[in-house]
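Novice: Next come the chains, spelled out residue by residue.
There are 2 protein chains.
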Amino acid sequence: MQFSLELISKIEKAIQNHQFDVIEQHFDQINDADIAKLLSDLSLSEQVTLVEHLPNAAYILEFLSLDQQLKIAEHLPKQNLIQVLSQMHSDDQTDLFKYLPYSLQQSIYTELSPEIQQQIQHLAKYPEESAGAIMSSDYVAVSPELNITQAIEQIRKIAKNRETVYLIYVVDPDHKLLGVASLREMILADPNQNITDVMRTDLIMGDVNEDQESIAEKLHYYDFIALPIVDQQQRLVGIVTYDDAMDIATEEATEDFLKSSAVTSSPKMSIKTAPIHYLYKKRVFWLVILVFGSLLSGFGIAHFEDIIAKNIVLVFFLPLLVGSGGNAGSQSATLMVRALATGDVHLKDWLYLIGRESLVGLCLGGTMAIAVSILGYFRGDAMVALVLALSMMGIVLMGCLIGMSLPFILNRLKLDPASASAPLVTSICDATGVIVYLCIASIIL
Amino acid sequence: MQFSLELISKIEKAIQNHQFDVIEQHFDQINDADIAKLLSDLSLSEQVTLVEHLPNAAYILEFLSLDQQLKIAEHLPKQNLIQVLSQMHSDDQTDLFKYLPYSLQQSIYTELSPEIQQQIQHLAKYPEESAGAIMSSDYVAVSPELNITQAIEQIRKIAKNRETVYLIYVVDPDHKLLGVASLREMILADPNQNITDVMRTDLIMGDVNEDQESIAEKLHYYDFIALPIVDQQQRLVGIVTYDDAMDIATEEATEDFLKSSAVTSSPKMSIKTAPIHYLYKKRVFWLVILVFGSLLSGFGIAHFEDIIAKNIVLVFFLPLLVGSGGNAGSQSATLMVRALATGDVHLKDWLYLIGRESLVGLCLGGTMAIAVSILGYFRGDAMVALVLALSMMGIVLMGCLIGMSLPFILNRLKLDPASASAPLVTSICDATGVIVYLCIASIIL
Chain A
1121 MQFSLELISK IEKAIQNHQF DVIEQHFDQI NDADIAKLLS DLSLSEQVTL
1171 VEHLPNAAYI LEFLSLDQQL KIAEHLPKQN LIQVLSQMHS DDQTDLFKYL
1221 PYSLQQSIYT ELSPEIQQQI QHLAKYPEES AGAIMSSDYV AVSPELNITQ
1271 AIEQIRKIAK NRETVYLIYV VDPDHKLLGV ASLREMILAD PNQNITDVMR
1321 TDLIMGDVNE DQESIAEKLH YYDFIALPIV DQQQRLVGIV TYDDAMDIAT
1371 EEATEDFLKS SAVTSSPKMS IKTAPIHYLY KKRVFWLVIL VFGSLLSGFG
1421 IAHFEDIIAK NIVLVFFLPL LVGSGGNAGS QSATLMVRAL ATGDVHLKDW
1471 LYLIGRESLV GLCLGGTMAI AVSILGYFRG DAMVALVLAL SMMGIVLMGC
1521 LIGMSLPFIL NRLKLDPASA SAPLVTSICD ATGVIVYLCI ASIIL
Chain B
1121 MQFSLELISK IEKAIQNHQF DVIEQHFDQI NDADIAKLLS DLSLSEQVTL
1171 VEHLPNAAYI LEFLSLDQQL KIAEHLPKQN LIQVLSQMHS DDQTDLFKYL
1221 PYSLQQSIYT ELSPEIQQQI QHLAKYPEES AGAIMSSDYV AVSPELNITQ
1271 AIEQIRKIAK NRETVYLIYV VDPDHKLLGV ASLREMILAD PNQNITDVMR
1321 TDLIMGDVNE DQESIAEKLH YYDFIALPIV DQQQRLVGIV TYDDAMDIAT
1371 EEATEDFLKS SAVTSSPKMS IKTAPIHYLY KKRVFWLVIL VFGSLLSGFG
1421 IAHFEDIIAK NIVLVFFLPL LVGSGGNAGS QSATLMVRAL ATGDVHLKDW
1471 LYLIGRESLV GLCLGGTMAI AVSILGYFRG DAMVALVLAL SMMGIVLMGC
1521 LIGMSLPFIL NRLKLDPASA SAPLVTSICD ATGVIVYLCI ASIIL
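Residue numbers (this note's numbering), protein chains in the order written: chain A, 1121 to 1565; chain B, 1121 to 1565.
Relax, there's no trap hidden among the hints.
In this list, chains with the same sequence are indistinguishable; a pair is considered to hold if it fits within one copy or across any two.
Below, simulated DMTMM-like cross-link-like pairs (lysine to aspartate or glutamate); rule was C-alpha separation at most 25 Å, straight line:
(1) 1277 with 1310
(2) 1338 with 1148
(3) 1218 with 1343
(4) 1191 with 1469
(5) 1157 with 1464
(6) 1338 with 1371
(7) 1157 with 1337
(8) 1198 with 1212
(9) 1338 with 1212
(10) 1218 with 1333
(11) 1277 with 1317
I should point out that these hints are in silico values taken from the structure, not numbers from a laboratory.
Isolated chain A (complex conformation) (with noise of 0.2 Å):
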């Protein structure tokens, strides 16, 4: 949703008066998430003013990146801070809760209710990226001796602050997970059936430990609402929702991208906030290894400086192909990497995969060899035409079978295939492929 500069002027004199009922009246109309848009186009004082005013601000807030939502209620009253930190969903909460200054968080801690306190010192020991750290506490779980009236009675009794009421838990007194009633079913079934009689038992469960990854794959390959989260004792301790799922899948897709040409992941940074430095870091490490390959090269080059000076037009032909070697390697890299990322293929169809990349890489390479032997005839004779065809051949074909093996080798070596950026399989090409290029050369020529 576009909102009109009319309308924020509308709201900017609003705030500047202190009409907060105008205020309310348009939010009336207004999804929370676009009130969240239309709150990011303010000036972070009038930000402050709103959410001091606004009875469902903590709702809105949610909507804003972490980083917004810190601004804010830094410079927020301290009981607005309180209260609003005490409306928040479990997650969003310990979120913003971690990333306050400490000194705020001291300040305000005591001030919390207790159950606050308890689930922020609950939610708070995970580590980053797992199951725990990400599940949020606001489910419903229900007692097996219910009927299905009673259980949607005291649906209605706590259905406010909580993520989802469609997926009900089914819990015994020590809070072990006996089974997950979806509330389509309950509506569906006689209302004096016991909930055991709806519920599924073939329970598809993540551990609180989980890799949030893992947890985001399994959300999306069953289509479920909500995952519940459980310990080791099989006690439901939280639920990751689809939301959180398409979340996380963005954010390891930006991961892999970003891998994917050496930067240094880090999914949450944005590169119009991030400091200078910390840029600057993520991108300097590889860079500095790339020089390695790259020396590589100059080794090769250096050694074979007898029959460059004696065919100066071999120099010529160094860069295309030397470059074509490199582009067909990151493409097999990539499409390796992504296959893999998307469960396409796996580690065993790894024999099979390079059969056929073999041919593909002959069919690119005998193309370019055709190619780059014609401009050959034209700029050196048929002897530099046979050099640089053969060479083309032997280099495109590497490139793919390096491209295609290296994210393989990784992920046997329990390392990231994501790893496996266009940036070190280029180099890597280019080292072999200066070889190669100059091998056949002074063999030929």
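Starting from the known structure of chain A, arrange chain B on it as the hints suggest.
Specialist: Using the frame of chain A, we list chain B on its own:
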């Protein structure tokens, strides 16, 4: 879920002996998504036999890839295929039907129920990747006169084959969308209230011709379970659900990922099963285009042949300098492409980002310049070290600026910024790198 080999062989034996009651007993405690996984491990003939005899085969098939669905469908007896197809949700149904061989389509079409015929006609007419092509017509719509008890009664009647019953769409007699009520709000409200009292009228909708990527973004941003899709007259024609949004987001990420290393995008292609000539076609286009970039580098080198011949040590450092520029440029381009894709930056941020990137580029270039000049001093002399330091500084900075600008320029020209692939950026940076390096060398040496 992983299945024991024991279970799989039990199922296979039961299929051979046609003991389908045994299989149903086993499957009763397994989620449909997991049965689909198990199905994938069986031979095609076993799959076909099983689908013939399982009562809820349609819902299991929906979890398989379209390729797998098609293979099974083509081998099913005609009556079974009609039955399975009739039970599927409308979006999967249309997809499967659309891709069946033409003769099979002809032979079953008239035997489908008139409603299904109409539905397929209706859904199949929308272009690929539009909201219309991915939406489902299995939503719950009610008229505005109902009270909540009556509305829930109606939901109970039609819920069986609906994608979701958690969002109920209120429509007028022309099927114009008036509002959306959530089942959550309905069970919290007084059952005698009118449905119009609990429905929201600040509607967020998708247009039937809207691009699927934009539909997925809306679902993601608003955290909706489903997004209503309307036609030009605001009539409700379908819904897209959160699980579709997840599929689309994965597809779109794959598309950008492949583009990032110059593979023509085709998110649904599997490198495991796609024909060789298809993979070849997807890759050869850019490989050939990139030849021209490399030729530029070649011409650059040819132009400076004299200075190279006089200072052969320059060739040793050529791959290092040129490569570093390309690597830094790839990093910048990828950061920018991803930031544009996730909405982190916009066209208007260009100047600001160029400023920041210049700083990052100077820092990176500075670091690399120090490293390379030390190498240069030991392999050449102080003057060579100076040439290398200045060149590295200039090349890395230019790489960063080219990498950052290219996606912006493409975006400005209404082209996909993701086409600013690492190989393309590398090839442009290589050519400029060669020229910068050898110009500086010919001035100083």
